[in-house]
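> Turn these sequences into a full structure, and let the hints steer you where they fit.
Per the numbering used here, the very first residue in the sequence shown carries number 1351; after that it's consecutive.
Careful: at least some of the hints might be erroneous.
Straight-line Cα separation of at most 20 Å, DMTMM-like style, residue types lysine to aspartate or glutamate; simulated pairs [said to hold, decoys possible]:
1. Lys1496 with Glu1465
2. Lys1496 with Glu1457
3. Lys1496 with Asp1509
4. Lys1501 with Glu1465
5. Lys1501 with Glu1457
6. Lys1496 with Glu1480
Hint data in this document are derived by calculation from the structure and do not stem from the laboratory.
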Amino acid sequence: MGANDRARRVLSESGALSDRGRVLSATGFVENDGLQRLLARALPPLGLPASAGSMTIARPNARTRLTVHVTPVTRREWDLRAQRVAALVLIADPASRPRIDAGLVAEVLNLTPAESRLATMLAAGRTVREIAATGRTEGTVRWHLKRIFRKQGISRQADLVRRVLSLEGFPRSRRL
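Have a look at this one:
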């Protein structure tokens, strides 16, 4: 079983999932039964159709549940340089804060440093009023926001937040 750094962190910190013996399992009996059924549907015996599915898993001492989505990976989608991939398991933690590099936002979205900081703060859930309280006026924040909208060809904060959040977890590129 392969996992990226964020998945390894969820596995080690959540108390809800583990990958002992290269087998993904939930710590709760009922939830593990559901997870194993999802995995079995995504990894059926040869000749049977595969299917995707989702479930939530409770975490000890946490108010929010993890969301787990299992998707079969078809032969056409395999990375031939890597080992065979049979299923993709996505784990979403609604309680985690996005970690977004403002420098990456500036680079990818072609924003100024001030605009990228504003976009990153909005994506982290701060309001225009809260951002203004950091030493700007609301008018200045809204002016920057309008410039960002114009540059991106959008008209809603939700569209900007979606774009910024899509960059979560990507490292900033190094120009050669």
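> For the pair supplied as a hint, Lys1496 and Glu1480, is the alpha-carbon distance within the 20 Å limit?
holds, 17 Å
> Would you check the hint for Lys1496 and Glu1457, treating anything up to 20 Å between C-alpha atoms as holding?
holds, 18 Å
> Hey, Lys1501 versus Glu1465, does the alpha-carbon distance stay inside 20 Å?
holds, 11 Å
> Take the C-alpha atoms of Lys1501 and Glu1457, compute the straight-line distance between them, and say whether it is at most 20 Å.
At roughly 13 Å apart (the allowed maximum being 20 Å), Glu1457 and Lys1501 satisfy the hint.
> Lys1496 and Asp1509 were given as a pair; does the straight-line alpha-carbon distance stay at or below 20 Å?
holds, 13 Å
> Would you mind confirming whether the straight-line C-alpha gap from Lys1496 to Glu1465 stays at or under 20 Å?
holds, 10 Å
In terms of the numbered hints stated before, the structure departs from none.
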